[in-house]
Structure formats: structure tokens, C-alpha cells
Amino acid sequence: GAGVSQSPSNKVTEKGKDVELRCDPISGHTALYWYRQSLGQGLEFLIYFQGNSAPDKSGLPSDRFSAERTGGSVSTLTIQRTQQEDSAVYLCASSSRTSGRDEQFFGPGTRLTVL
Amino acid sequence: AQKVTQAQTEISVVEKEDVTLDCVYETRDTTYYLFWYKQPPSGELVFLIRRNSFDEQNEISGRYSWNFQKSTSSFNFTITASQVVDSAVYFCALSGYTGANSKLTFGKGITLSVRP
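Just so you know, the sequences run in chain order A and B. Under my numbering, the first residue of the first sequence carries the number 1, and numbering increases by one thereafter. Under my numbering, the first residue of the second sequence carries the number 116, and numbering increases by one thereafter.
Read the hints as simulated data drawn from the structure, not as lab findings. Quantities reported herein were computed from a predicted structural model and do not represent experimental measurements. Keep in mind that the hints are not guaranteed to be accurate.
Simulated crosslink set (DSS-like; lysine-lysine; CA at most 30 angstroms straight-line) [to be verified]:
| # | chain 1 | residue 1 | chain 2 | residue 2 |
| --- | --- | --- | --- | --- |
| 1 | B | LYS185 | B | LYS118 |
| 2 | B | LYS153 | B | LYS185 |
| 3 | A | LYS57 | B | LYS223 |
| 4 | A | LYS11 | A | LYS57 |
| 5 | B | LYS223 | B | LYS153 |
| 6 | B | LYS118 | B | LYS153 |
| 7 | A | LYS57 | A | LYS17 |
| 8 | B | LYS153 | A | LYS57 |
| 9 | B | LYS118 | B | LYS223 |
| 10 | B | LYS131 | B | LYS153 |
| 11 | B | LYS185 | B | LYS223 |
| 12 | A | LYS11 | B | LYS153 |
| 13 | B | LYS118 | A | LYS57 |
| 14 | A | LYS57 | A | LYS15 |
| 15 | B | LYS131 | A | LYS15 |
| 16 | B | LYS131 | A | LYS11 |
| 17 | B | LYS223 | B | LYS131 |
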């Protein structure tokens, strides 16, 4: 079956502009995670969604970052007023249940470059 | 807070050599899970293995083997008879049991280069 998909695969934007990154999880997966991979910080957790529960936003680096998940499926990560330090690969993962024992399946990522 | 340390940053070996990738973790949870992921040059993270904190039995899968020792908080990964296709960045990760604790905490990764 289809894996996790993300769009766009690459995004180049100018400093100060807003961007939206999209994630389509595996059908039926209730848990969805966003991570960021950057040279300086490695792989770091951003936000977690489980069904209709309030998301865990503890990893979001600033209030310029927000995310939503509509209908328990597709998720959009929005970065407002982008800064050069936001340049990174943004990875989405989904899991069938909200347990550490369940494998997280990762998408191919969106490479964001802020000029 | 959870922490994963991969002290090795880059390893270079010649094909057919054995190589061990080290991983040390910190957690206050009694139930937790440990993972290894591979990230080849294509960029996608590939799941390799998951162990839970109650199962210290070592595991072997083909040329791959994993050694989990709670006494030293380590979860090391050995590739036997390495091949060029093993060249990638390898991440060790840790998660809690459920809910928001299921998020992964990653180490910095180890870049493995296997030369022909």
C-alpha cells in the first residue's frame, strides 16, 4: 500500500514569507508526528497528533510554527515569517497506534530552503 | 528527559569488515523502546529494529545484530561483513511507552562509509 507522502519535496522561499508543508499519512494510522532534520540540531521532534485529542506541541521551536490535522488524516505544518534558521528537512511520520512499540513510518521529507 | 548519545560521528571501513555502531541512552521511564533507523543517501528513514525495555535478548537478522544491555544503557548495532550498500547514516532512537511519550528522541547519527 501507499506510504507516507509529503509535498512539496522541495521548497525555496524568501525570508519573511509563510510556507505550508503537507503530510498524507498511511490510511488508518491514528498517530502523526512531525520532525525536523537540520545540520546543527540533528533530528528533533516538533509536534504529535493522536486522533481528535489536543496535539502535543512541546517541540515547536517558536510561535511562528503551527500545525493542524484535518479529519484525523492530512496534516499541514505552517511556518510564518520564515527565517534562515528554519532551513531544514521536515519529516512526517505516522503510526497505527500511539504506542512506542508501534513503528513510525516516515515520509520522504520536504527540504525547505530559506534565502 | 530522554537522551540518546551516539559518540561516533563518522566511521569508514573496507568492504567485508565488521563494524559496530554504539548507542547509549538515558531515560527515567521503566517502559521504553529503542530503535535503529537507516538513512541512505536518498534521504528516507528506514526502520531497522525495535526493542522494548523488558526484552534484553540479542537479535540477529542476516548480517545485522543488536546487543541491548540495560546495565550499561546501551543498544549497539553490528554489521557483519559490511557491504558498500550499507553506506548510510544510522540513527539510534528512544521512545516512551504511549501517547505523547511515543515521540522519538534521536541520537545525532553515525555516518558509515563502506569502501570497496
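Practice prompt. Taking the numbered hints from earlier one at a time, note which ones the structure violates and give those numbers from smallest to largest.
Written response: 15 and 16
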